[in-house]
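**Q** For the protein sequence lines, the chains are W and S, in the order given. If you're matching positions, the first sequence starts at 279 in the working numbering and goes up one per residue. If you're matching positions, the second sequence starts at 1020 in the working numbering and goes up one per residue.
There's no promise every hint is true.
On the chain S side, residues computed to face chain W include the following (Cβ under 8 Å) [to be verified]:
#1 Gln-1191
#2 Pro-1196
#3 Tyr-1197
#4 Met-1204
#5 Gly-1205
#6 Gly-1207
Sample of chain W residues with no beta-carbon within 12 Å of chain S, all distances over it, derived [as the list claims (entries may be wrong)]:
#7 Thr-287
#8 Arg-292
#9 Gln-408
The calculated label-pair distances, taken between Cβ atoms and stated as ranges, are [as the list claims (entries may be wrong)]:
#10 S:Ala-1137 with W:Trp-531: 24 to 34 Å
#11 W:Asp-454 with S:Ser-1187: 33 to 43 Å
#12 S:Ala-1137 with W:Gln-350: 18 to 28 Å
#13 W:Gly-309 with S:Gly-1298: 45 to 55 Å
#14 W:Arg-541 with S:Glu-1294: 29 to 39 Å
#15 W:Arg-388 with S:Leu-1040: 42 to 52 Å
#16 W:Ala-400 with S:Gly-1133: 41 to 51 Å
#17 S:Val-1138 with W:Arg-388: 33 to 43 Å
#18 S:Arg-1250 with W:Arg-388: 49 to 59 Å
#19 S:Ser-1187 with W:Arg-535: 41 to 51 Å
#20 S:Pro-1218 with W:Arg-535: 27 to 37 Å
#21 W:Ala-451 with S:Ala-1148: 45 to 55 Å
#22 S:Val-1208 with W:Phe-293: 16 to 26 Å
Derived by calculation from the structure, the hints in this document are not laboratory data. These numbers come from a predicted model, not from an experiment. Beta carbons: idealized from backbone N, C-alpha and C, even for Gly.
Given next are the chains, with one letter for each unit.
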Amino acid sequence: MNAPVLSVTSLVKRFGHLTAVDDVSFELMPGASLGIVGESGSGKTTTARILAGLEQPTSGTVTLDGEIVGGQSRRARLRQARLLQMIFQDPYGSFDPRRTVAESIAEPLRLHAPGPAAAHRARVGELLDQVGLSARAGESLPRELSGGQRQRAAIARALGIAPRVLVLDEAVAALDVSIQAQILTLLDELRRDTGISYVFVSHDLAVVRYITDTAVVMRHGRIVERGETEQILRSPRHPYTRLLLDSIPSPGWDLDRVARDRRALDAL
Amino acid sequence: MTLTIPALRARSARRRRRRPLAVSLAVAFLILLTVAGLLAPVLAPHSPDATSLLNSLLPPGAGEHWLGTDSTGRDVLSRIMYGARLSLLAPLGVVLLSGVLGIAIGLLAARAGGWADAVISRGMDIVFAFPSLLLAMLVVAVTGPGLTAPICALAVSYTPFVGRVVRSVAIQEGARPYMESYRVMGFGVLWVTLRHLLPNVMPVLIAQSALAFGYALVDLASLSYLGLGVRPPDADWGSMISQARSAILQGEPWSGLLPGLVVLLTVVSVNVLGEHIGGSIAGKREGS
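This is chain W alone, in the form it adopts within the complex (with noise of 0.2 Å):
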């Protein structure tokens, strides 16, 4: 089990003249969390999708399972959607409003293990139950559902494909602090449970201190600094790093500091 089973190698993304990603490595083992630490602009959800297959790199290669994913072949798509799935910001945006969650739930497991539909029905129903949904909320629709309930939900759909990696893009950044504490929890637990790995992309520091083992930070599409969350967030190297901390509101926090740190580093 030494082996990535994500690896990322001199990702570059450019937009026309744009470069989103720039020269962007890292590794991912099993069950391991990464976190994408960085601003808005800074090409971390660019990076994500990448991940997902939604954009193709200008260069470089994603390894999934020891194997370089890309190619829009079905086979290929099909087998990167095996071993990566995403959880998306806006988890109402990312179901289909006319269908119940529990249909949506059931088409991927259609799509990736054919089989009977009573063993897909109990297979919804296990999944429901693993993130603490009731088979009620199952019959609803999206709309129906609170926004802690619907990323509860996506999260379900995801494992129903099984992966080996999850993406999380900003997964709990629009839920309230008490249900961002709650999917946390659970996203733990599910760590333990099934051994998946987690790319966990946030701009919220504290949710990637509490969700990830190690983590990158990206300015400008480039990775500034990397190493375990916990070092990098209590002896950061970077200024800009430091600066991301600073940004926090805090007892005794100098907000002229803060912008007199960012002119210092925007000149550099």
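Fit chain S to the supplied structure of chain W, relying on the hints for placement.
**A** Using the frame of chain W, we list chain S on its own:
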């Protein structure tokens, strides 16, 4: 499953309470017409083609002819009932054909994007700019009278009417994150388009089709009025108005006015229904 029933019932009860009187009347009128057309052989008091020169141009309420007779003594009520068949079926054919074409072209444009979208959209603009009645007349001039050719011609000219709406809704719907989530799950573009995009476009499509039905009815009645639609002695409402021209000039307007009134009420009913469907969709969107 039993758990959902109270929720569903509450939802439909809410909808029932909101339905305005005009919509109920429109639905009732359309059902009445459909039944009258379907059961015309049973319900019609007279044969639609039985002429009787002794009883020509009777006013409504005269003896056994409730809505009077036309210039050759045929019973107007019976002809309106038999006429409902062609007058309703033909626009339905137009709507179904243009619906299928519009969905295909609209979805193609929305999903292809780029230059393909531009070409399709400009093509639709050109067809849209061409008067539908003129196109139908040109086709009839080539093929001779009959309903098949004008139905096809009108279907083609209504396709942009449907296709443009399908395209814009599909673009809007296609930009929502769930489209991407299905891609990430490994579903193909065609699957996502047909299984998820199309059903979400459908409500708007139905509303638009109801409007198109009204236009098609008027266009087809106009063609029949011009003598380019159904062949006599078959009845449809447009040809009835046409045949009443001389009677109207003689001061006996009833045999033309009544089918005209039916056309008017049908188009209004269909439009009221279409607007209601469209409006309730908009409401649901805001509610979500």
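**Q** Please go over all the hints and tell whether each is borne out by the structure.
**A** Do the hints match the structure? See the list:
no., hint, verdict
1, Gln-1191, "violated (12 Å)"
2, Pro-1196, "holds (4 Å)"
3, Tyr-1197, "holds (5 Å)"
4, Met-1204, "holds (4 Å)"
5, Gly-1205, "holds (3 Å)"
6, Gly-1207, "holds (7 Å)"
7, Thr-287, "holds (21 Å)"
8, Arg-292, "holds (19 Å)"
9, Gln-408, "holds (18 Å)"
10, S:Ala-1137 with W:Trp-531: 24 to 34 Å, "violated (52 Å)"
11, W:Asp-454 with S:Ser-1187: 33 to 43 Å, "holds (35 Å)"
12, S:Ala-1137 with W:Gln-350: 18 to 28 Å, "holds (23 Å)"
13, W:Gly-309 with S:Gly-1298: 45 to 55 Å, "holds (53 Å)"
14, W:Arg-541 with S:Glu-1294: 29 to 39 Å, "violated (57 Å)"
15, W:Arg-388 with S:Leu-1040: 42 to 52 Å, "holds (45 Å)"
16, W:Ala-400 with S:Gly-1133: 41 to 51 Å, "holds (44 Å)"
17, S:Val-1138 with W:Arg-388: 33 to 43 Å, "holds (36 Å)"
18, S:Arg-1250 with W:Arg-388: 49 to 59 Å, "holds (52 Å)"
19, S:Ser-1187 with W:Arg-535: 41 to 51 Å, "holds (50 Å)"
20, S:Pro-1218 with W:Arg-535: 27 to 37 Å, "violated (55 Å)"
21, W:Ala-451 with S:Ala-1148: 45 to 55 Å, "holds (48 Å)"
22, S:Val-1208 with W:Phe-293: 16 to 26 Å, "holds (22 Å)"
The earlier numbered hints that this structure contradicts are 1, 10, 14, 20.
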